[in-house]
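Trainee: Fit chain B to the supplied structure of chain A, relying on the hints for placement.
Quick note, the sequences are listed as chains A and B, same order. Letter by letter, the first sequence follows residues 1 to 312 of my numbering. Letter by letter, the second sequence follows residues 1 to 312 of my numbering.
Calculated directly from the structure, the hints in this document are not laboratory data. Errors might be hidden in some of the hints.
[As the list claims (entries may be wrong)] Over 10 Å on every C-beta distance to chain B, these chain A residues come out as not near it, computed from the model:
id, residue
1, Ala3
2, Ala27
3, Asp31
4, Glu97
5, Arg109
6, Arg135
7, Pro274
[As the list claims (entries may be wrong)] If the Cβ cut is set under 8 Å, some of the chain A residues that face chain B in the computed set are:
id, residue
8, Val133
9, Trp265
10, Val272
By construction, the Cβ of each residue, glycine as well, lies at the ideal position given by its N, Cα and C atoms.
There are 2 protein chains.
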Amino acid sequence: MPATVYFAAGADLWPDYEGPIRRHAAAAGLDIALDDAAPDPAAVDVIVTAPGGVVQDYAPFTRARLVQNLWAGVERLVANPTLTQPLCRMVDPAMTESMTEYVVGHVLRHHLGIDVHIHGQDGVWRNTVLPPVARNRPVTVLGLGELGGAAARALAALNFPVTGWSRSQKRIDGVDCLAGPEGLATALSRAAILVTLVPDTAETESLLNADRLALLPEGATIVNPGRGTLIDDAALLAALDAGRIGHATLDVFRVEPLPPDHPYWAHPRVTVTPHIAAATHPDTASAVVVENIRRAMAGAALLHRVDRGRGY
Amino acid sequence: MPATVYFAAGADLWPDYEGPIRRHAAAAGLDIALDDAAPDPAAVDVIVTAPGGVVQDYAPFTRARLVQNLWAGVERLVANPTLTQPLCRMVDPAMTESMTEYVVGHVLRHHLGIDVHIHGQDGVWRNTVLPPVARNRPVTVLGLGELGGAAARALAALNFPVTGWSRSQKRIDGVDCLAGPEGLATALSRAAILVTLVPDTAETESLLNADRLALLPEGATIVNPGRGTLIDDAALLAALDAGRIGHATLDVFRVEPLPPDHPYWAHPRVTVTPHIAAATHPDTASAVVVENIRRAMAGAALLHRVDRGRGY
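One chain only, chain A, in its complex shape (with noise of 0.2 Å):
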C-alpha cells in the first residue's frame, strides 16, 4: 500500500515540489501516492502544508500520521485548534545555509562600513576610519535553534566574540550562551550587533521594545532576519531617530510585502530587505518532507516535530 500524500501547500508550489518529493521517494524506495487535488480525508496518511496552504479544518484527516510545513515558522498551524495530527516544521539544510549567509554577509557589512563605499563612489578618498578587527567588535545572537546556532557558529569562526542567548541554557563551542531574563540583559548589552533570530511565540513578540533597545550598547546595529513581531517597530523608529540605534537590517515584518508607505523604507538608519534571508530550496526541503513520510508510516520518531507548548 502506497503513502498517501496530499499536498495541500497551495497550487503555487506544487509545481516546485512535484518533480522533487517524487524523485526523493523514488530513491529512497518509498512507495507514495502524491497529489494535490483534495482527495478523501479519511485516506490521507501525509499532509504536506504550508502558510499559503489550503486545509483550514484539520479535523476531517482522521488517519493522518504528520502534517509537514514546508516553512520553518509554525505560528498559525499551531494556533489553529482543529490540528492535533503529529506537526513538523521544516528544517531544510539549505535554508540553514541561506540564513547563515544572509547573518554573515550583513554583520560583516556592517562590521566593514561597507555602505560608505557603496554610496560613496564620488572620487573622495575615504580611508581614515578603519574598523577593528573582527576579534574586537562583539556580536550577540539571540536564539539558538537551528538557524541562530548555525549563524553563531559561523560568526565564532571569523573571529567575532560571539554571545548567545536563547530561552534554555544551550552550549555551543565558541559562544557565550546565556539564558533567562538576566542572561538576555547580558547578552543586548554587550551587542555591537545584534542578530535576532528567535522563534515567533507568545513571549516573543516586541522582544525588542523601548526597555530592551535602551539595553544595547550606543550606536549599536540590529539585524533582524527573524521575525517582524520581535521588534516594537515604533520603539525601534524613535532609537534609530535619536542615533542610539546605529543601523538596523530588517528582512521581516509584521505585514509582507512591507508598505511602500512605511518609514522603514525610506529611513537613512534602515534596510530593508524583503524576506530573502532564508527562503525553502524545493529539492533539499523535498529531501526532508520524503524521509518524514518514511518515518511516519514506519512509525519512527519525526524530525523536528512541533512542541505544541513551547509553540514550535
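Mentor: Showing chain B alone in chain A's frame:
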C-alpha cells in the same frame, strides 16, 4: 648592550609605533635603544621601515642584522640595490584577519546581491531573485600566501567551492589548489567570484589582462584587495563596459589615492574602496617587530624573511 633599533618608517608612524614597540620589548625582556632620529649608521642593529620610510641608501648600515618592513608589500625595498641586509616583510596577524574579513564580506555582498537592496530602499519588494546557496557559487582565490590562504580557508568554511591558484603548488584542506599556467586557466574558468591576492612581482604585472579576463565565466565578479598592478585597467574597463564582467570591487590601484577623474569611480559596475582591506595594526605588528629583533640579536631564523629571488 641594548639592541640599537632605528625607526626609519617615517614621522607619521612614529607616534603609533613607539609605545607598542617599547611595551612589547619590555614584556619580552628585550633591551632596546629605540629612536627615530638618524643615528650613526654603523651602530644600528635593526632598521624598521615602511613605504614612506626615510632611508634610501642602506649601504652605510654595515652592522644591521635586520630591515623590518611594517607592510606586507616589499616591492620598492627589493628593488633597492643598496639593501643587502636580511629583509623581512610584515605578516601582522591582525592584518591577515582584516584581509579575511574584507574578502569574506565582499564575496558575501556579491553572492547575496546586497547592493540591490542598499540601492533599492524605494518601497519596491524585490524578492523574486534569490541567490543560490554558497555551495553552488564557485569562488577562485589567486595567491595562496598568508593572506590568500587565510581567505580561501574562510570561504571554504562557509561552503563556497573554492579553487586556489598559486605560483608553486600548495595544499589547503577544503580548497582545490592549482598551480602553473594551465592551473591558472582552469582556476579562472571556474570563478563566479574571483579574489586576487597574489604578490606584486614582475610575473604578476597585469596578470588580469584581456586574455585572462576572457577566461572568466560570463558575468563574473572580481574582488581585488591585492595589488593595483595585477590588473590591466583598460582591459578590465572594456570587459565591464561589455557586461562580460559583472562587477569589480577594487581596493588597490596603480596610483593611490585613485584620482577623482579615474573612470573606476563613476563606473556603475565598479566599487572603489580606498586601500583599507588590510591595514597594519600597530599593536599586533609591534609584537612581530619585537620578536624579529629578538631573533636577529640571537642569530635565530627570522620571521617572514624575504626571498630576493622570488621578490617577496
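Trainee: All hints, please: hold or fail.
Mentor: Do the hints match the structure? See the list:
Residue placement check: Ala3(A) keeps its beta carbon more than 10 Å from all beta carbons of chain B (closest about 29 Å). In this structure Ala27(A) is separated from chain B by more than 10 Å, as the shortest Cβ-Cβ distance comes to about 20 Å. Every Cβ of chain B is farther than 10 Å from the Cβ of Asp31(A); the closest lies at roughly 31 Å, confirming the non-interface assignment. Residue-level check failed: Glu97(A) sits 5 Å from the nearest beta carbon of chain B, not beyond 10 Å.
With a least CB separation of 6 Å from chain B, Arg109(A) falls inside the 10 Å interface cut-off, contrary to its annotation. Its closest Cβ contact with chain B, about 7 Å, brings Arg135(A) to no more than 10 Å, contrary to its assignment away from the interface. Against chain B, the non-interface label of Pro274(A) is violated: not every CB pair exceeds 10 Å, the least being about 4 Å. For Val133(A), the interface hint holds, the least distance from its beta-carbon to any beta-carbon of chain B being 5 Å, beneath 8 Å.
A cut of 8 Å between beta carbons decides the hint on Trp265(A): the least distance to chain B is about 5 Å, and the hint holds. Interface restraint check for Val272(A): the shortest CB-CB distance to chain B comes to about 6 Å, inside 8 Å, so the restraint holds.
Hint violations for this structure: numbers 4, 5, 6, 7, all remaining hints satisfied.
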